[in-house]
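Just so you know, the protein sequences line up as chains A and B, in that order. Position 69, counted from 1, in the first sequence is what our numbering calls 69; the numbers after and before it change by one each time, with no gaps. Position 54, counted from 1, in the second sequence is what our numbering calls 54; the numbers after and before it change by one each time, with no gaps.
Source of the hints: derived by calculation from the structure; they are not laboratory data. These numbers come from a predicted model, not from an experiment. Idealized CB from N, CA, C, for every residue including glycine. Be aware that a few hints might be false.
Going by beta-carbon spacing under 8 Å, a handful of chain B positions derived as facing chain A [claimed, not checked]: (1) 1; (2) 2; (3) 4; (4) 50; (5) 58; (6) 59; (7) 61; (8) 76; (9) 91; (10) 101; (11) 110.
Straight-line Cα separation of at most 27 Å, DSS-like style, residue types lysine-lysine; simulated pairs [what the hints assert, rightly or not]: (12) 2(A) / 5(B); (13) 127(B) / 24(B); (14) 5(A) / 127(B).
Protein chains: 2
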Amino acid sequence: MKYSKATNYALHTMLFLAMETPNKPVGVHQLAERQNVSPTYLSKILTKLVKEGMINSISGANGGYTLSKNWEDISFLDIIHAIEGKSSLFDCCLYSNPECVIKDVMLSAEEKLENELRNKKISDLVKK
Amino acid sequence: MKYSKATNYALHTMLFLAMETPNKPVGVHQLAERQNVSPTYLSKILTKLVKEGMINSISGANGGYTLSKNWEDISFLDIIHAIEGKSSLFDCCLYSNPECVIKDVMLSAEEKLENELRNKKISDLVKK
DNA sequence: CTAATAAGAGACTTTATATATCTATAATAG
DNA sequence: CTATTATAGATATATAAAGTCTCTTATTAG
Ligand code: SF4
Ligand code: SF4
Chain A
1 MKYSKATNYA LHTMLFLAME TPNKPVGVHQ LAERQNVSPT YLSKILTKLV KEGMINSISG
61 ANGGYTLSKN WEDISFLDII HAIEGKSSLF DCCLYSNPEC VIKDVMLSAE EKLENELRNK
121 KISDLVKK
Chain B
1 MKYSKATNYA LHTMLFLAME TPNKPVGVHQ LAERQNVSPT YLSKILTKLV KEGMINSISG
61 ANGGYTLSKN WEDISFLDII HAIEGKSSLF DCCLYSNPEC VIKDVMLSAE EKLENELRNK
121 KISDLVKK
């Protein structure tokens with residue numbers, strides 16, 4: 001079990017954008033170069049962030065990506081969910097079993113992880 | 001990112017063994033049947049638990065698996081680590097960067113998850 | 001001792017997912 | 001119109017998970 005590289009790229013891109021001049025679009029080429037990843041692949045990842053409303057994309061010359069208006073509220077968990085999906089880490093075969101003991105432990109542990117990631121925002125990393 | 005099925009099988013097997021008469025070996029065939037998994041595959045998973053000293057295996061007629069002496073101390077985290085390995089969930093490209101901000105957040109969140117899993121033991125599920 | 005039983009080991013196959021790449025299309029600034 | 005830049009979809013490659021098969025080793029009931 002590991003976070004995907006795509007999640008890593010998404011987090012770094014958000015951090016880069018947060019450190020840039022606001023409202024000035026940054027092209028995927030530049031973002032990809034800083035992370036040693038192909039622009040087309042990064043583009044595909046960033047499109048997920050666009051669809052979740054975390055960043056805006058601007059086509060055409062001088063286009064690129066900018067952070068969305070509400071970017072200061074975006075948490076690590078939001079970004080991870082956008083890339084990895086929102087389903088639980090633990091797949092139980094019988095969700096209907098109300099007596100289940102294993103599931104409770106696994107889900108409560110996952111909740112601790114998510115709480116921490118929900119409380120950390122990209123904007124926390126920028127404000128010094 | 002998801003826990004593997006192998007982890008699921010390992011957790012369930014530990015729970016089954018904990019509910020059985022102590023010291024009476026349970027064969028892999030029986031354990032596999034209860035989980036709808038092939039015996040040879042489950043065997044491969046259980047061998048990992050044997051190597052970590054969590055369970056004992058007994059060959060030959062009337063053989064099978066028993067919990068190890070210290071089984072009451074075995075945590076969820078121990079079992080998960082035995083199957084999934086102990087490496088971090090977050091792979092950072094530059095571990096050497098002391099200024100890293102993303103890594104700190106990811107590792108501290110993982111720590112919260114692990115703390116919870118470390119505090120929950122299989123024996124907690126059996127004692128009523 | 002022998003035959004049946006049961007775990008372990010290694011090679012292999014299959015399936016699924018992650019990680020890309022390639023090409024074509026759409027939007028926009030100048 | 002043309003150069004630039006994002007988006008979409010098909011395809012390809014790599015890696016890992018999940019499962020099978022066969023042979024070996026250990027134990028014990030009889
Ligand atoms: S014990 Fe819980 S985790 Fe296991 S099969 Fe039942 S419901 Fe699922
Ligand atoms: S910022 Fe942190 S996570 Fe990102 S490359 Fe640097 S050390 Fe790694």
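Enumerated hints in conflict with the structure, sorted upward: 4, 5, 6, 7 and 14
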